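These protein sequence lines map, in sequence, to chains G and F. Using the numbering used here, the first residue of the first sequence is number 1, and each one after it goes up by one. Using the numbering used here, the first residue of the second sequence is number 1, and each one after it goes up by one.
No lab work stands behind these hints: they were computed from the structure. All of these numbers come straight from a predicted model, not from anything done at the bench. Wrong hints could be hidden among the right ones.
[Claimed, not checked] Here are some of the chain F residues that sit facing chain G, going by a computed Cβ distance under 10 Å:
#: 1; residue: I21
#: 2; residue: I25
#: 3; residue: G28
#: 4; residue: I53
#: 5; residue: E60
Cβ atoms here follow ideal geometry from the backbone N, Cα and C, with glycine treated the same way.
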Amino acid sequence: MLLIFVSSTFLSFSADKENGDKFDMGEMIMHHILDDYQYEIVHGLSIPLPIIIYSENDGMMIFSSSRLFDENHVPLEEGYNGFKYDHGKLKPLESGMSYFDLSITKNVIFLILTSSLMIIVFLSVARGYANKKTIPKGIQALFEPIIVLIRDDIVKKNIGSQYEKYLPYMLTLFFFILFGNILGLLPAAANLTGNIAITLTLAVFTFLLTNFSGNRHYWKHIFWTPGIPFVMRFLILPIEIIGLLTKPISLTIRLFAAITAGHIVILSFIGFTFIFQSYFVGVVSAIFVVGLNLIELLVAGIQAYVFTLFSSIYIGMATEDAH
Amino acid sequence: MLSFLLLDVGLAVIGTGLAAIGAGIGIGLIGGNAMTAISRQPDASDKITAPMILLAALVEVIALGGVVAGLLVVFGVGG
């Protein structure tokens with residue numbers, strides 16, 4: 001802990017030198033939040049990632065993203081293979097051409113990294129659990145209480161008697177969001193769970209799971225709400241449909257806003273050092289950034305818990321019997 | 001008189017500040033009620049503290065949504 005603090009203070013000292021051109025904080029923040037076609041490890045050293053595009057003119061094309069730039073890392077105007085790099089996005093040279101972009105971007109690398117980490121960790125936990133003769137220790141001792149917490153307090157309490165059908169999904173959801181959040185806090189990391197496409201996909205999974213497990217009472221409550229006058233049922237219907245859709249939207253935006261705003265605040269404090277160019281600001285902002293990173297660890301856990309909790313509540317509401 | 005070039009940025013920052021007021025009031029209420037509950041029954045302090053942190057995180061996210069919206073305007077995303 002002390003090491004992290006001391007090393008981040010040194011970062012503030014190094015920021016005291018003059019910058020070549022004026023420091024653009026907005027561009028720096030956006031560069032660290034958004035997805036990109038190359039992996040920038042430190043400033044100036046970046047690994048070009050493969051671009052995989054299926055366009056209707058030329059079919060499937062695979063090429064390195066370094067071909068879109070010249071030696072000074074300025075995007076080429078004429079592009080390559082019919083595409084050019086425009087502010088982080090790949091634009092076709094002839095407008096209106098449809099294409100299917102399957103490139104390995106920074107977020108895809110991080111997706112693969114998160115899933116591999118999950119596979120390694122949980123295979124080891126499962127192997128330890130299968131051997132019931134020894135007391136759990138090591139990684140198993142860390143993850144088993146968390147798994148039991150999710151099983152008892154989140155899934156069993158909210159879904160009730162059929163919780164075992166949904167438990168694998170809930171556990172995967174929780175640990176994917178937790179690992180994705182925590183990995184995103186490391187330096188040179190991609191903002192995986194703060195990408196609205198990723199959170200939207202997770203919310204859509206929950207949405208589909210909820211609606212495919214809804215029983216008769218669930219659908220009856222939505223389309224033909226019992227207990228209110230006949231005419232009111234037609235007025236309540238659009239409100240119920242909107243209520244059906246607000247659940248995945250709120251799940252999406254909650255996770256996206258929490259993680260992205262956390263990253264933006266940390267990056268802003270680091271950027272203050274570069275704007276003010278003074279030792280004092282550097283030291284104070286380094287202290288604040290360490291504190292903010294600890295808060296972000298707490299937020300990482302809380303947001304994973306909240307997403308899983310709300311998913312279980314929605315599934316529980318969809319599968320509960322008539323009362 | 002407000003310089004017309006920064007009117008959108010100024011309004012966005014005011015909006016973010018209003019969202020922060022909302023979060024401050026919300027979390028203050030949660031914390032205040034939690035303090036009252038703990039003072040009435042100190043044995044239950046663990047059971048009260050855990051949901052308090054959770055609810056504070058939920059309310060915080062709404063304020064952070066305001067921050068993100070304000071930042072989107074300030075950095076000119078979406079022109």
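Results of checking the hints against the structure:
Among the interface hints, the one on F/I21 is violated; its C-beta lies about 17 Å from the nearest C-beta in chain G, farther than the 10 Å criterion. Look at F/I25: its Cβ only gets to about 19 Å from chain G, farther than 10 Å, so that hint breaks. Taking 10 Å as the C-beta cut-off, the interface hint given for F/G28 is violated, the closest approach to chain G being about 18 Å. Taken as an interface hint, F/I53 checks out: its beta carbon lies about 7 Å from the nearest beta carbon of chain G, inside 10 Å.
A cut of 10 Å between beta carbons decides the hint on F/E60: the least distance to chain G is about 8 Å, and the hint holds.
Consistency with the previously given hints fails for numbers 1, 2, 3, ordered from lowest to highest.
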